[in-house]
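Participant: The lines below spell out each chain.
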Amino acid sequence: MSGLRFVLRRVALSLVTLWLLSVIVFLGAQVLPGDVGRAILGPLADPRAVAALDHKLGVDRPLLVQYWDWSSHFVTGDMGRSLVYRQPVGPFLAAALANSLKLAAIAFLLVVPLGIFGGVVAAMNVGRALDRIITVTGLSMTVVPEFVSSIVLILIFGVWLEWLPVSASWREGAGAFTQFRHLLLPAVPLVLVLFGYIARMARAGTVEALDADYTRTAVMKGLPFRTVVWRHVLPNALLPTITVIATQMGYLIGGLVVVETVFHYQGIGSLIYNAAKAKDFPMLESGVLMIGVVYTIATLIADVLYSLLNPRIRFGGRE
Amino acid sequence: MNVATPPDALAAEGLDVCYRVRGRDRVVLRGLDFRIRRGESFGLVGESGCGKSTVALAATRYLPRNGRVSGGRVLIDGRDVLELDNAELRRLRAHSVAMVYQEPAKALNPSMPIGRQVAEVFEVLGSPRREALEKARAMLGRVRIADPASVMVRYPHQLSGGMQQRVVIAMALAIRPSLLILDEPTTGLDATVEAEILDLIEQLRREYSTAVLFISHNLGVIAGMCDRVGVLYAGRMVEEGPTRAIFEDPRHPYTVGLLRCLPRRGRSKAQGRLDTIPGQLPPIGAQITGCIFAPRCVLADDLCRAVDPPPVRLSDGRVSACHHHERAPDLPTTAPPARRLAVLVDQAAVPVLSLDHVSKSFGGGAVTVRAVTDVSLELWAGETLGLVGESGSGKTTLARMILGLTGPDAGSELRINGRALASHAFQRHAAHRKSLQIIFQNPDTALNRARLIRRLISRALGKLAGLAGAERLERLHALIALVRLGERHLDVRPRQLSGGLKQRVAIALAFAGDPRVVVCDEPTSALDVSVQAAILNLLADLQAERQVSYVFISHDLGVVRYLSDRIAVLYLGRLMEFGPAEAVFSGPHHPYTEALLSAVPSVEGGRPERIALRGEIPSPVRPPSGCVFHTRCPRKIGAICERDVPQLREIAPGHSLRCHLHLDELGGAQAPAAADQASVS
Chain A
1 MSGLRFVLRR
11 VALSLVTLWL
21 LSVIVFLGAQ
31 VLPGDVGRAI
41 LGPLADPRAV
51 AALDHKLGVD
61 RPLLVQYWDW
71 SSHFVTGDMG
81 RSLVYRQPVG
91 PFLAAALANS
101 LKLAAIAFLL
111 VVPLGIFGGV
121 VAAMNVGRAL
131 DRIITVTGLS
141 MTVVPEFVSS
151 IVLILIFGVW
161 LEWLPVSASW
171 REGAGAFTQF
181 RHLLLPAVPL
191 VLVLFGYIAR
201 MARAGTVEAL
211 DADYTRTAVM
221 KGLPFRTVVW
231 RHVLPNALLP
241 TITVIATQMG
251 YLIGGLVVVE
261 TVFHYQGIGS
271 LIYNAAKAKD
281 FPMLESGVLM
291 IGVVYTIATL
301 IADVLYSLLN
311 PRIRFGGRE
Chain B
1 MNVATPPDAL
11 AAEGLDVCYR
21 VRGRDRVVLR
31 GLDFRIRRGE
41 SFGLVGESGC
51 GKSTVALAAT
61 RYLPRNGRVS
71 GGRVLIDGRD
81 VLELDNAELR
91 RLRAHSVAMV
101 YQEPAKALNP
111 SMPIGRQVAE
121 VFEVLGSPRR
131 EALEKARAML
141 GRVRIADPAS
151 VMVRYPHQLS
161 GGMQQRVVIA
171 MALAIRPSLL
181 ILDEPTTGLD
191 ATVEAEILDL
201 IEQLRREYST
211 AVLFISHNLG
221 VIAGMCDRVG
231 VLYAGRMVEE
241 GPTRAIFEDP
251 RHPYTVGLLR
261 CLPRRGRSKA
271 QGRLDTIPGQ
281 LPPIGAQITG
291 CIFAPRCVLA
301 DDLCRAVDPP
311 PVRLSDGRVS
321 ACHHHERAPD
331 LPTTAPPARR
341 LAVLVDQAAV
351 PVLSLDHVSK
361 SFGGGAVTVR
371 AVTDVSLELW
381 AGETLGLVGE
391 SGSGKTTLAR
401 MILGLTGPDA
411 GSELRINGRA
421 LASHAFQRHA
431 AHRKSLQIIF
441 QNPDTALNRA
451 RLIRRLISRA
461 LGKLAGLAGA
471 ERLERLHALI
481 ALVRLGERHL
491 DVRPRQLSGG
501 LKQRVAIALA
511 FAGDPRVVVC
521 DEPTSALDVS
531 VQAAILNLLA
541 DLQAERQVSY
551 VFISHDLGVV
561 RYLSDRIAVL
571 YLGRLMEFGP
581 AEAVFSGPHH
591 PYTEALLSAV
601 PSVEGGRPER
611 IALRGEIPSP
621 VRPPSGCVFH
631 TRCPRKIGAI
641 CERDVPQLRE
651 IAPGHSLRCH
661 LHLDELGGAQ
671 APAAADQASV
681 S
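For the protein sequence lines, the chains are A and B, in the order given. When the count follows our numbering, it moves up by one through the first sequence with no breaks and lands on 319 for the last residue. When the count follows our numbering, it moves up by one through the second sequence with no breaks and lands on 681 for the last residue.
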């Protein structure tokens with residue numbers, strides 16, 4: 001299979017995934033709550049008012065019509081109006097997504113090099129004390145929930161040492177550096193969670209590559225150790241790690257509810273959380289679907305990157 | 001070191017190596033002494049676990065983390081390898097010593113183009129990138145890669161196994177090393193490819209006057225390649241000397257036993273059992289007083305069990321570590337000489353298995369892979385049908401169709417005892433399913449690791465024979481006795497058994513339902529020769545006792561010859577020759593059969609003149625026109641071979657082949673070929 005066909009197939013698969021997600025989201029948010037108007041207006045409302053609201057929202061139409069209406073508008077960028085703010089959902093979502101991406105990007109830029117470096121160093125010292133320290137620390141940090149680490153970090157760096165601001169919100173028009181300072185503390189709990197995963201993958205891949213016959217071939221050529229590692233070990237060792245990193249990207253963007261709430265940050269996680277609390281269904285649906293889109297794109301990028309780096313997929317089999 | 005004479009390419013002096021396992025040092029090599037002179041080729045043989053590869057790793061200082069040299073020295077070019085600092089060690093590896101090992105696919109970096117990998121060797125020696133690539137291209141040409149420029153930009157997975165090994169050899173010999181270490185370099189390759197690779201190594205080695213340490217479990221390969229040979233047993237060099245002398249007149253009971261285990265050329269099961277070596281290798285690090293081989297030696301006496309025999313220097317430069325080396329040649333055989341009645345095939349009856357115009361193609365449209373094309377075969381009760389051919393010849397697909405794992409194309413007909421056989425196993429009658437069983441190459445992966453042997457066999461008896469309770473228990477004991485396993489082997493898990501014992505369990509599973517046909521897919525390829533002999537004996541005994549038939553697949557023609565009554569030679573999914581084993585081997589035979597036979601290395605002194613096959617097996621997507629073998633045939637007549645598909649014709653009763661050549665012109669024909677009467681039949 002040639003590289004282009006591989007990518008096209010992956011794109012097609014992603015579209016199928018997104019379509020399935022849209023069906024699930026639609027059913028979950030629009031159908032399961034039953035009477036939408038009643039859910040919004042509460043149990044004491046006049047049935048006529050409920051019926052009127054249902055009609056106004058269009059939820060009294062057949063399901064397929066509703067789904068088509070909703071999904072076709074979503075695809076063209078029209079995500080409906082928020083029931084709470086009485087305004088189009090789009091701009092809210094865009095702002096929240098941009099905020100989440102900023103936080104995710106900082107966490108990502110911190111954790112990927114750290115995780116890979118830690119994993120490779122551990123692999124080079126496999127079985128020794130340094131390996132144990134990195135592995136055990138990584139694993140321990142992974143199991144600490146973000147709200148625990150967030151609060152500990154706030155107490156140490158925000159309250160006690162007063163090095164960093166305790167809230168992620170900054171004043172309107174703040175410069176990039178100020179924004180970065182505000183985002184550093186929220187990013188660290190994410191780094192702590194992900195470091196273990198990435199380091200473990202990088203370590204496993206490197207240990208395997210160091211033991212591989214092709215590494216022996218390279219050593220037996222008389223190449224300096226540095227060249228052996230850079231040319232022969234790492235390119236093969238880190239391929240599987242890329243996939244793991246990309247799936248974690250999805251988490252970084254979608255799973256930040258806790259961190260965003262603790263640090264009062266207007267990201268997509270807290271947006272969805274608030275929409276769910278306020279029964280703002282259009283906001284909720286679009287938000288979840290948006291996370292799905294980001295997740296899918298991240299996975300797609302990982303797959304394409306993997307195929308670009310892996311000649312077996314890039315060039316297919318023997319001719 | 002003597003200044004006047006150049007130092008040896010490799011010298012081991014009292015070399016001890018141990019591995020640290022669970023906090024204890026376990027000795028793997030003990031007091032190894034041998035030297036390889038410059039330009040000499042030295043073979044190291046022995047069964048798995050005897051420390052062959054450890055010698056290579058110690059010599060190149062590439063022992064695993066838990067291994068270390070605990071005594072003695074290794075010298076390459078007169079320099080003590082263990083004394084070198086890192087920079088010197090790198091220089092030694094870059095300039096003086098190179099290594100080629102098994103599984104070329106793994107030895108090459110999967111994410112780097114071939115050209116760059118070969119060029120690196122020259123870059124280490126100081127060539128700039130461009131020049132290194134140029135030299136790499138030239139070197140690939142030297143290992144007879146037809147189109148070096150296109151191979152340069154490819155990745156390892158795009159090359160065949162033989163090509164990959166050529167690339168590895170190119171990298172190894174590019175530096176013109178004084179010592180080349182070859183660790184099972186052709187194991188896993190087809191016999192035809194193996195022969196080519198061996199020829200290539202031999203030629204380049206002479207040209208570059210490189211000394212060789214050749215490690216192999218295959219005695220035939222060593223016999224054809226080496227000036228001298230050393231026999232390792234449990235980390236000890238038990239015998240060493242000139243190859244001819246060792247193979248023709250071995251002076252250590254272990255060497256004698258190893259050589260007797262081999263099915264010699266032309267030997268068949270009708271001529272009796274193969275000899276085996278009783279017992280098994282002592283566990284690594286075992287403390288044994290006296291001779292290490294004594295527990296398995298028929299000649300062992302009190303002296304052997306008390307005193308470790310010192311190496312004794314014999315005439316013509318041989319060394320044997322045996323107290324009774326003068327008696328070794330008269331070692332009594334362990335096998336009873338004859339044991340079975342010849343199988344009488346009632347030709348009037350129906351064959352137990354018959355294949356009628358069986359074909360199988362995969363895919364469709366432009367990329368149809370024709371794996372098997374129009375194969376018709378018969379298998380009679382109590383007979384073995386050997387399937388022979390290079391990888392890609394369709395052997396495995398044919399076996400899978402017999403087992404119902406792959407459905408044949410429409411128009412194919414399979415019959416068992418004259419009754420039509422459904423194409424897929426799940427459509428078949430239970431009776432048919434249990435009549436057809438398989439023994440796989442690798443018992444490690446064929447047996448469920450989590451279950452006790454008792455449970456595995458009981459389950460097979462329950463499923464295949466429909467037995468339960470006391471009856472099943474009774475049959476269980478009968479079955480393990482049948483495959484010569486003991487009561488103590490029942491309550492263990494597969495990993496606690498040796499390879500040979502595991503294969504016996506696999507055989508027991510296959511025989512649980514009293515099968516009529518057992519497909520044996522390379523059943524002894526993963527086993528050592530002494531174990532192989534025992535398994536072959538067992539298969540032959542079971543056949544004689546139960547009149548079971550085998551479809552036997554193996555790349556080892558000696559093994560196929562030993563067990564088979566008839567042989568089918570496949571090439572690109574077509575039946576090229578089919579006939580009684582003896583006739584197929586002695587000839588007249590098909591040019592392809594002839595080439596396969598000539599590629600087999602043998603311990604009986606040098607190979608016969610090898611018939612080289614040009615190139616590689618063509619793609620089954622676009623098979624050649626006419627006779628599919630014409631692109632590689634050394635006896636090709638001319639246009640007719642490219643144009644007309646030769647018919648399968650009977651040249652003797654029950655012996656047919658597919659070739660345009662006249663009977664007299666075929667290889668192995670009794671009458672000398674009348675060259676001037678080039679007639680076409």
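Because the hints were derived from the structure by calculation, they are not lab data. Treat the numbers as computed from the prediction; the structure is a model and nothing was measured. By construction, the Cβ of each residue, glycine as well, lies at the ideal position given by its N, Cα and C atoms. Please note that a few of the clues may not be correct.
As a list, the in silico SDA-like pairs of lysine to any residue whose alpha-carbon atoms are at most 20 Å apart [as the list claims (entries may be wrong)]:
(1) Lys106/B to Pro311/A
(2) Lys106/B to Val228/A
(3) Lys106/B to Trp68/A
(4) Lys106/B to Asn125/A
(5) Lys106/B to Thr215/A
(6) Lys106/B to Arg231/A
(7) Lys106/B to Ala212/A
(8) Lys106/B to Trp230/A
(9) Lys106/B to Ile297/A
(10) Lys102/A to Pro311/A
(11) Lys106/B to Pro235/A
(12) Lys106/B to Asp211/A
Sample of chain B residues at the chain A side, in silico, Cβ under 8 Å [stated by the list, open to error]:
(13) Thr60
(14) Leu75
(15) Ala98
(16) Tyr155
(17) Gly161
(18) Ser602
(19) Glu604
Which chain B residues stay away from chain A? Per the calculated CB distances, all over 10 Å, these [claimed, not checked]:
(20) Ala94
(21) Arg130
(22) His357
Participant: Evaluate each hint against the coordinates.
Facilitator: These are the hints, each one checked on the structure:
With a C-alpha separation of about 15 Å, the suggested pair lysine 106/B and proline 311/A falls inside the 20 Å cut-off, and the hint holds. Proposed proximity of lysine 106/B and valine 228/A is supported: the alpha carbons are some 16 Å apart, at most 20 Å. Between lysine 106/B and tryptophan 68/A the CA atoms are separated by roughly 53 Å; this puts the pair beyond 20 Å, and the hint is violated. Among the hinted pairs, lysine 106/B with asparagine 125/A is inconsistent with the structure: their alpha-carbon atoms are about 24 Å apart, more than 20 Å.
A hinted pair counts as satisfied when its Cα atoms are at most 20 Å apart, and lysine 106/B with threonine 215/A qualifies at roughly 9 Å. Between lysine 106/B and arginine 231/A the alpha-carbon distance is near 16 Å, which keeps this suggested pair within the 20 Å criterion. Between lysine 106/B and alanine 212/A the CA atoms are separated by roughly 7 Å; this keeps the pair inside 20 Å, and the hint holds. Among the hinted pairs, lysine 106/B with tryptophan 230/A is consistent with the structure: their alpha-carbon atoms are about 18 Å apart, no more than 20 Å.
Distance hint between lysine 106/B and isoleucine 297/A is unfulfilled; the C-alpha atoms sit about 34 Å from each other, more than 20 Å. Pair hint lysine 102/A plus proline 311/A does not hold up; C-alpha atoms about 33 Å apart against a cutoff of 20 Å. Between lysine 106/B and proline 235/A the CA atoms are separated by roughly 15 Å; this keeps the pair inside 20 Å, and the hint holds. With a CA separation close to 11 Å, the supplied pair lysine 106/B and aspartate 211/A stays within the 20 Å bound.
Nearest Cβ of chain A to the Cβ of threonine 60/B: about 6 Å, under the 8 Å cut. The hint holds. For leucine 75/B, the interface hint is violated, the least distance from its beta-carbon to any beta-carbon of chain A being 18 Å, above 8 Å. With its C-beta approaching chain A no nearer than about 7 Å, alanine 98/B sits inside the 8 Å limit, and its interface hint holds. Hint on tyrosine 155/B holds. Least Cβ distance to chain A is approximately 4 Å, under the 8 Å limit.
Taken as an interface hint, glycine 161/B does not check out: its beta carbon lies about 10 Å from the nearest beta carbon of chain A, beyond 8 Å. Annotation: interface hint on serine 602/B violated; nearest CB of chain A at approximately 30 Å, more than 8 Å. With a cut of 8 Å, the hint placing glutamate 604/B at the interface with chain A is violated, because the nearest CB-to-CB distance is about 34 Å. Remark: the non-interface label on alanine 94/B conflicts with the geometry, its nearest Cβ contact in chain A lying 3 Å away (cut-off 10 Å).
Listed as outside the interface, arginine 130/B is consistent with that label: its C-beta sits roughly 18 Å from the nearest C-beta of chain A, beyond the 10 Å cut-off. The non-interface label for histidine 357/B is consistent with chain A: the shortest C-beta to C-beta separation is roughly 30 Å, beyond 10 Å.
When each numbered hint is compared with the structure, violations occur for hints 3, 4, 9, 10, 14, 17, 18, 19 and 20.
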